[in-house]
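Peer 1: Chain residues, written in single-letter form:
4 protein chains.
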Amino acid sequence: MKTYVIRIDAPDKPGLVHAITGVLFRHGANIVSNHEFVDTDTRRFFMRTAFECTQPPHDVVPAIQALLPEGASVGLAPTGKRDIVILATKEPHCLGDLLLRATYEAFPANILAVISNHDTLAPLVRQFNVPFHHVSHLERDRADHEREILDCVAQYQPEYLVLAKYMRVLSPGFVARYPSRILNIHHSFLPAFMGAQPYRQAFERGVKLIGATGHMVTDELDTGPIIAQSVVPVDHTATAISMAQSGRDVEKVVLAKALKLLLEERIFLHQHRTIIFD
Amino acid sequence: MKTYVIRIDAPDKPGLVHAITGVLFRHGANIVSNHEFVDTDTRRFFMRTAFECTQPPHDVVPAIQALLPEGASVGLAPTGKRDIVILATKEPHCLGDLLLRATYEAFPANILAVISNHDTLAPLVRQFNVPFHHVSHLERDRADHEREILDCVAQYQPEYLVLAKYMRVLSPGFVARYPSRILNIHHSFLPAFMGAQPYRQAFERGVKLIGATGHMVTDELDTGPIIAQSVVPVDHTATAISMAQSGRDVEKVVLAKALKLLLEERIFLHQHRTIIFD
Amino acid sequence: MKTYVIRIDAPDKPGLVHAITGVLFRHGANIVSNHEFVDTDTRRFFMRTAFECTQPPHDVVPAIQALLPEGASVGLAPTGKRDIVILATKEPHCLGDLLLRATYEAFPANILAVISNHDTLAPLVRQFNVPFHHVSHLERDRADHEREILDCVAQYQPEYLVLAKYMRVLSPGFVARYPSRILNIHHSFLPAFMGAQPYRQAFERGVKLIGATGHMVTDELDTGPIIAQSVVPVDHTATAISMAQSGRDVEKVVLAKALKLLLEERIFLHQHRTIIFD
Amino acid sequence: MKTYVIRIDAPDKPGLVHAITGVLFRHGANIVSNHEFVDTDTRRFFMRTAFECTQPPHDVVPAIQALLPEGASVGLAPTGKRDIVILATKEPHCLGDLLLRATYEAFPANILAVISNHDTLAPLVRQFNVPFHHVSHLERDRADHEREILDCVAQYQPEYLVLAKYMRVLSPGFVARYPSRILNIHHSFLPAFMGAQPYRQAFERGVKLIGATGHMVTDELDTGPIIAQSVVPVDHTATAISMAQSGRDVEKVVLAKALKLLLEERIFLHQHRTIIFD
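Protein chains in written order, with our numbering: chain A, 39 to 316; chain B, 39 to 316; chain C, 39 to 316; chain D, 39 to 316.
Think of the hints as simulated: they come from the structure by calculation, not from any bench.
All residues carry an ideal CB built from backbone N, CA and C; glycine is no exception.
Some hints could be false.
Said to hold, decoys possible - Computed cross-link-like contacts, DSS-like style, restricted to lysine-lysine with a CA-CA straight-line distance of at most 25 Å:
1) K295/A <-> K119/D
2) K295/C <-> K128/B
3) K51/C <-> K295/B
4) K128/A <-> K128/D
5) K128/B <-> K298/C
As the list claims (entries may be wrong) - Not the full set, but computed from the structure, chain D residues with beta-carbon under 8 Å of chain C:
6) H56
7) E74
8) A104
Full structure from sequences and hints, please.
Peer 2: Okay, structure coming up:
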């Protein structure tokens with residue numbers, strides 16, 4: 039028996055759960071877990087159901103689609119690992135953590151390749167036998183640099199791109215190539231300290247908690263829908279540098295958590311928010 | 039339109055969600071929120087659905103009951119405040135917090151009375167215009183003391199009893215009078231430091247976090263199903279006394295949180311565990 | 039034996055701890071706790087020492103002052119309760135919590151009076167036998183309103199003013215009357231969501247943690263030095279209203295914590311930051 | 039200029055801070071940070087001072103020793119990396135995290151070797167170019183197995199041993215060879231769930247938080263002085279297996295934090311407790 043996830047995003051109307059679970063029941067699906075949510079402001083209905091089935095349940099999708107109002111979307115996928123490509127710059131902590139998890143632990147990612155604008159991380163990546171591509175941004179314009187990265191990514195056909203402390207801003211054109219498929223870890227408790235040097239900003243503001251935010255990347259920098267956030271306390275003895283050190287443990291845990299939610303198909307994007315069925 | 043909560047606890051079988059939501063749909067219920075869970079070890083199904091309805095939906099219960107396997111239970115109640123009686127001893131922080139919330143905030147409790155084995159808390163309770171009963175345990179045996187407390191409680195016919203730092207152990211006979219209806223706040227991170235003087239025990243063990251546990255009271259002391267737990271950090275400068283002070287903020291927040299979940303009918307008891315739909 | 043706290047804020051130079059502890063030793067002071075910190079950026083030295091002494095140690099201050107470089111300040115005070123006046127608007131949770139603590143628990147505040155621009159909180163305050171002053175802001179200008187509040191505060195001569203969800207912005211002139219002596223609780227994780235309706239802002243941004251910030255009030259709104267911050271998780275089911283409800287527990291705990299630190303003379307202000315010896 | 043740490047553990051008497059800082063001042067030491075603590079129950083004084091010095095300050099130790107009462111101990115060491123050997127069993131998450139930190143981040147450990155009673159982790163260790171020793175416990179008695187491990191450790195002369203999910207109990211004889219020099223990560227919130235299968239125990243008890251504890255190893259299993267603890271929330275959907283997965287992130291962060299504190303000489307052991315100057 040294989041396990042599948044069906045995801046529904048539709049205008050709400052009475053009886054949806056009854057109708058949808060009826061289709062699944064008639065197809066012999068054994069429901070493993072089931073989550074629904076209706077956003078009361080927008081009357082939008084979201085549902086994620088994991089179920090076991092002895093045979094491929096592909097006719098389930100049109101059967102459910104037929105029940106739903108206009109403007110609905112239905113997705114079906116088997117559970118399992120998803121292919122990702124990671125972009126990084128110089129910092130090893132998030133990247134190393136993902137390499138460890140994907141290689142030695144039960145983590146739902148195949149890391150197909152790592153691309154960086156520096157070569158600092160090459161030894162780390164190569165010791166895990168993962169392809170490493172150094173695409174320098176020096177002495178070229180942004181468009182040209184992004185084009186080479188996109189070409190490099192394209193050869194791997196990943197389902198998701200993960201920015202593991204990739205310290206360059208992506209252009210809207212780049213993001214449009216992977217809509218709702220790019221995950222970023224931002225080294226602050228967004229929306230505080232957007233932009234450059236968030237730990238320096240946090241130090242100067244004298245905050246007592248520092249945080250990290252895992253979010254989807256949309257056109258505007260640092261404003262995509264948030265998936266996960268966490269914080270750690272700091273006190274007056276912290277410097278901007280020691281805040282950054284403390285922040286690293288948060289960053290890597292938050293990124294791994296957000297990525298797992300994403301790869302397990304637990305996240306719906308709705309306006310600027312995420313609906314997360316965990 | 040009134041809002042109701044229906045709670046179902048039944049052996050699992052395929053199609054339950056479909057069948058139950060069908061009954062609700064046919065009765066014109068507008069589902070506001072819906073949670074299900076199947077415990078995979080025991081194949082037990084739990085469901086809590088909040089719905090709006092223009093007329094009393096009392097025939098919904100037998101209609102659903104008819105669909106369910108043997109051994110199922112179905113409960114229906116309108117949402118709203120629940121009547122409670124509080125037992126306390128000498129400490130004001132949890133009791134005062136509940137009095138504040140019930141009197142001045144949106145909190146789903148009517149505090150009918152407070153009973154204590156000391157008279158320390160009388161001024162606090164009376165300033166909120168809540169009846170206070172001093173039932174001393176001195177110079178009498180436990181059975182006699184409990185009998186008077188039970189008599190005192192009985193006149194108020196509360197739905198739940200709340201032990202807000204009531205420092206005496208209840209006998210099995212007492213607990214049997216309010217099965218699954220007594221909530222306690224234990225001043226430690228259970229199951230660590232059960233029994234007397236948990237902060238003294240925590241100090242001597244040198245822990246770096248201290249906690250509190252909100253749990254249902256069953257026959258055995260400190261072993262009822264856990265609803266909520268929280269912790270705060272402590273360091274080497276903490277004494278047993280300062281740990282107790284730090285612990286108070288955790289205790290009152292955890293008790294209020296657990297009580298709200300209980301009064302909103304969000305908790306199912308299953309073996310030694312709780313299933314909480316929040 | 040009485041306990042005193044001496045606080046020193048001075049340009050750093052070698053040997054300060056040795057010299058200062060020498061003075062205390064020669065005056066027969068028994069050091070109970072001792073904290074020092076040097077801000078390495080600005081080479082500023084901070085020290086807080088609690089000590090027991092059989093007789094008033096007032097000549098300790100000039101003796102220490104004589105050892106310190108130009109620009110140093112030395113303060114001495116007995117430990118104990120401090121007089122405060124609270125400003126509030128309509129919300130009872132922070133105010134009620136402080137009234138409970140000051141009345142029934144070991145908390146270092148005497149609440150001399152509560153002033154509000156609404157009369158909503160009068161019953162709560164009066165049940166604690168604390169004077170309540172309703173100073174409406176309606177049909178008058180800000181200067182006039184503030185003048186009446188200042189007059190009202192002045193008659194109590196408090197050491198500190200506490201804004202317990204006082205929802206009006208204080209003018210620089212008002213703040214200048216109580217420099218470094220006004221504490222505020224801000225209902226967000228500053229610097230995120232400054233200004234009005236922070237929970238609405240938080241909801242729209244889709245954050246997964248909401249927080250509260252206890253800070254000193256300076257000229258600019260929401261930018262005073264931060265004393266304490268805390269957060270609670272929220273998920274996609276949260277509305278702006280339920281976020282505000284969840285936030286209340288954080289607000290009251292953070293405000294009480296910040297106030298205790300302030301009243302125990304544990305806080306030094308330095309640029310936009312606080313140094314906290316706890 | 040080199041940085042040193044001096045650590046003093048002595049019976050308390052008046053004037054100690056003054057006297058000790060006097061010695062440091064006369065030797066031209068520039069104090070970088072300074073922490074003291076007096077345990078009021080036992081009248082024991084603890085001090086950790088980090089200072090810069092142009093020349094080796096070895097005569098500082100006898101000069102301070104001369105000032106202290108009988109039963110005092112004084113230690114001096116330059117700051118910097120410390121040599122460790124890691125013992126592990128089969129789980130990669132803690133070990134991999136320490137290898138990453140020691141290899142690619144600013145972490146004060148040289149990992150000289152890893153020893154395991156299984157060969158599962160050999161590929162992970164070897165990809166970091168760290169010696170891996172497989173010392174199987176099969177078909178031999180405990181004494182014999184421990185003897186081989188001790189021989190293997192001895193050739194590396196590490197300052198500390200780190201048990202990174204080493205799932206076998208060490209005999210008192212083994213522990214006595216490295217007194218106060220063995221760090222363990224225990225996969226529960228000690229003292230709850232001591233012994234085997236803590237996540238199974240936590241699941242059966244229905245706890246709502248699971249934790250990890252970094253502690254020094256003493257003769258008795260799971261009862262050594264605690265250095266660091268942390269928790270994560272779990273809910274009713276967690277199984278014993280998923281609790282263990284959630285627990286891993288806590289374990290690795292807590293172990294790394296405890297190890298950093300240990301290697302930076304920030305920990306004093308006192309009875310069953312730790313005093314930690316961070």
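Peer 1: With reference to the structure, classify each hint as holding or not holding.
Peer 2: Each hint, compared with the structure:
1. Pair hint K295/A plus K119/D does not hold up; C-alpha atoms about 31 Å apart against a cutoff of 25 Å.
2. At roughly 23 Å between alpha-carbon atoms, K295/C and K128/B fall within 25 Å of each other, so this suggested pair holds.
3. At roughly 51 Å between alpha-carbon atoms, K51/C and K295/B are farther apart than 25 Å, so this suggested pair is violated.
4. Under the criterion of a C-alpha separation no larger than 25 Å, the hint pairing K128/A with K128/D is inconsistent with the structure, at around 30 Å.
5. Among the hinted pairs, K128/B with K298/C is consistent with the structure: their alpha-carbon atoms are about 23 Å apart, no more than 25 Å.
6. Taken as an interface hint, H56/D checks out: its beta carbon lies about 4 Å from the nearest beta carbon of chain C, inside 8 Å.
7. Among the interface hints, the one on E74/D holds; its C-beta lies about 6 Å from the nearest C-beta in chain C, closer than the 8 Å criterion.
8. Taking 8 Å as the C-beta contact cut-off toward chain C, the hint placing A104/D at the interface is violated, the least distance being around 17 Å.
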